[in-house]
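Colleague: Sequence:
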Amino acid sequence: MSDPSADDAISTDPIRNMEPVQAGKSVRSEGAWTQRLIWFLRGMAVVSMLKGLFHWSIVLGIGDGDDNNFTLHSLPWQTATVYFAVIDLIAAVGLWLAAVWGAVVWLTAGVSMAAVEVFFPQIYGGRLIVVLIELVLIGCYLALALKSAREHPH
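Each residue of the sequence shown is one higher than the last, beginning at 1 in the working numbering.
Hints are computed from structural coordinates only; laboratory data are not their basis.
Quick reminder that beta carbons are idealized off the backbone N, C-alpha and C, glycines included.
Incorrect hints may have been included.
Stated by the list, open to error - Label pairs and their computed distance ranges (CB to CB):
#1 V136 <-> D64: 26 to 32 Å
#2 L75 <-> L146: 24 to 30 Å
#3 I133 <-> G31: 24 to 30 Å
#4 A149 <-> Y124: 32 to 38 Å
#5 A149 <-> G126: 32 to 38 Å
#6 E30 <-> I133: 24 to 30 Å
#7 S112 <-> N69: 32 to 38 Å
Given the sequences, and given the hints that come with them, work out the whole structure.
Modeller: Written out as structure tokens, the structure reads:
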């Protein structure tokens with residue numbers, strides 16, 4: 001006969017106790033706050049995509065007119081515009097995937113935009129409404145992330 005303690009060790013071993021994946025069956029059920037967080041991240045992905053495309057349209061001169069050329073602006077303005085054109089699109093991909101790195105890139109982009117508006121008003125004009133919107137969105141993300149984390153204690 002086999003040793004009962006050996007059978008218990010095998011049944012609790014996660015490697016030996018793997019079941020085949022079945023189509024249509026969720027591996028892990030997500031809580032309500034986690035679902036809200038994912039929907040928020042997807043919404044922010046769409047916004048980041050639109051922001052990135054907007055900045056690229058400025059860089060490429062799409063819809064600007066002849067009097068508003070990218071090369072006529074100051075070097076700091078050009079640098080910030082290219083930076084946000086790139087980082088917003090990268091953030092959009094990561095946010096859509098609900099990847100941790102996507103949230104980090106998005107937070108970096110949001111804090112960067114707020115910092116440019118506050119500390120370098122000569123670049124984009126120092127619009128405080130942009131800073132307020134960025135801070136509200138970051139606050140919403142943090143609140144949802146905390147509530148989601150409480151649903152999955154480890």
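Colleague: For every hint, state whether the structure bears it out.
Modeller: Evaluation of the provided hints:
| no. | hint | result |
| --- | --- | --- |
| 1 | V136 <-> D64: 26 to 32 Å | holds (30 Å) |
| 2 | L75 <-> L146: 24 to 30 Å | violated (40 Å) |
| 3 | I133 <-> G31: 24 to 30 Å | holds (28 Å) |
| 4 | A149 <-> Y124: 32 to 38 Å | holds (34 Å) |
| 5 | A149 <-> G126: 32 to 38 Å | holds (35 Å) |
| 6 | E30 <-> I133: 24 to 30 Å | holds (28 Å) |
| 7 | S112 <-> N69: 32 to 38 Å | violated (24 Å) |
In the structure shown, a violation is registered for the earlier hints numbered 2, 7, in ascending order.
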